[in-house]
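Can you join these two chains into the complex? Each is in its own frame, and there are hints to help.
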Amino acid sequence: GNSVTQMEGPVTLSEEAFLTINCTYTATGYPSLFWYVQYPGEGLQLLLKATKADDKGSNKGFEATYRKETTSFHLEKGSVQVSDSAVYFCALSGRNRDDKIIFGKGTRLHILP
Amino acid sequence: GAVVSQHPSWVICKSGTSVKIECRSLDFQATTMFWYRQFPKQSLMLMATSNEGSKATYEQGVEKDKFLINHASLTLSTLTVTSAHPEDSSFYICSARDITVNQPQHFGDGTRLSIL
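Chains A and B, in that order, are what the protein sequence lines are. Counting along the first sequence from 1, when you hit position 23 you're at 23 in our numbering, and nothing is skipped either side. Counting along the second sequence from 1, when you hit position 42 you're at 42 in our numbering, and nothing is skipped either side.
So here's chain B without its partners, still in its complex pose (with noise of 0.2 Å):
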């Protein structure tokens, strides 16, 4: 089935450090992929919607050049926490939407971000 990979699985970096966070789709193509922040025990809130070849929609409230989203092929994206700092913790999640139209999105395992 499809499968999404999200790397890394855990990463715990100091104040001030920007981190990359990579999500792929294995065995299909996205066009559109989307980035969601979860916080313990809460729903998943979406973050901005990765388009392939243009710019990152995001949602009310998320600042663009703090969370920066770049897909660079029909296969990755990537979210980049820039200057992380304490308050950015947090368990993210990306998923992607096989181009199919009526099929759903595949999520990725998370990734979860410790700024010291």
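Bound-form chain A, shown alone (with noise of 0.2 Å):
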């Protein structure tokens, strides 16, 4: 079945630093991948998506390429902020509207000024 696997946290980096989260899929077909952030106490928001290959997703600095050669999916930004501090998950779905999404088990990322 599918499945997501992403690098364990924490994460702990200075402001400025650069940042890679790895996120690896296992999947048939051809899926759409995301990247969601959760901030404490908050819900999830989507943060970028790629719905086929070597789309780039980005925001707010933030970018992942969908590289199906490799499955993966690797969160990246060039300088991180101390208000990047949250939980990320990457995760995939079907195209079908009533796909589920499949989440990895989240990376918590933790920014130091």
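Check each hint, because a few of them may be wrong.
Cβ-Cβ distance ranges computed for the label pairs, FRET-style [claimed, not checked]:
no. : chain 1 : residue 1 : chain 2 : residue 2 : range
1   : A       : Pro40     : B       : Cys13     : 48 to 58 Å
2   : A       : Gly61     : B       : Pro86     : 40 to 50 Å
3   : A       : Ala53     : B       : Asp65     : 39 to 49 Å
4   : B       : Ile12     : A       : Pro40     : 43 to 53 Å
5   : B       : Pro86     : A       : Asp54     : 23 to 33 Å
Simulated coverage check for chain B against chain A, where a stretch passes if three residues somewhere in it have a Cβ under 8 Å from a Cβ of chain A [to be verified]:
no. : region
6   : 39-45
7   : 75-83
No lab work stands behind these hints, which were simulated from the structure alone. Ideal Cβ positions, reconstructed from N, Cα and C, are used throughout, including at glycine.
Encoded structure:
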């Protein structure tokens, strides 16, 4: 079945450091890929998405590229801020409207000032 | 942008009571809504898929008589935790998918349920 594996946290970085959170997936067909962010005490917000191979999703300085050859969707940001501290979930979904989202276990990110 | 409203955001109640959580899509129609449960510092666990006008589809291990789901319209789904007990305390999150294919799910802000 479909699954998502992402690097375990917590990840602790200093402000302005470069961030990479690895995510790989297993899926049949051609899923859509997502990164969601969850700030403390809140629900999930869609951070970015990519729907086909080689697509790059980007938002708020974060980027991730849909790599079909390596089945990966790594999240990157060139210079993190304290306000980026949150839990990040990699996820995939099929293309039908009632397809479930499969989440990774989440990676907690702490940014130190 | 698309918004999903979840209410209440926080509820504390005594053991044995039933609690209803509402999930509304505010500016789009959703034939399908999803209910998740999240334990502290863990990922989201899908509980059930709520289908407008039909019975919900529950994931394995989720008690359908314990967690009643109703999807009465294209913009509203409710989750009722019946006869709640302390072990039901958790963070419950709903999501809704726009009728348009290939649109991502939009999540509510969650409901923190504490059973005393």
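We went through each hint and held it up to the structure:
no.	hint	verdict
1	Pro40(A) <-> Cys13(B): 48 to 58 Å	violated (23 Å)
2	Gly61(A) <-> Pro86(B): 40 to 50 Å	holds (42 Å)
3	Ala53(A) <-> Asp65(B): 39 to 49 Å	holds (44 Å)
4	Ile12(B) <-> Pro40(A): 43 to 53 Å	violated (19 Å)
5	Pro86(B) <-> Asp54(A): 23 to 33 Å	violated (49 Å)
6	39-45	holds (count 4)
7	75-83	violated (count 0)
The structure fails to meet hints 1, 4, 5, 7 from the earlier list, while all remaining hints are met.
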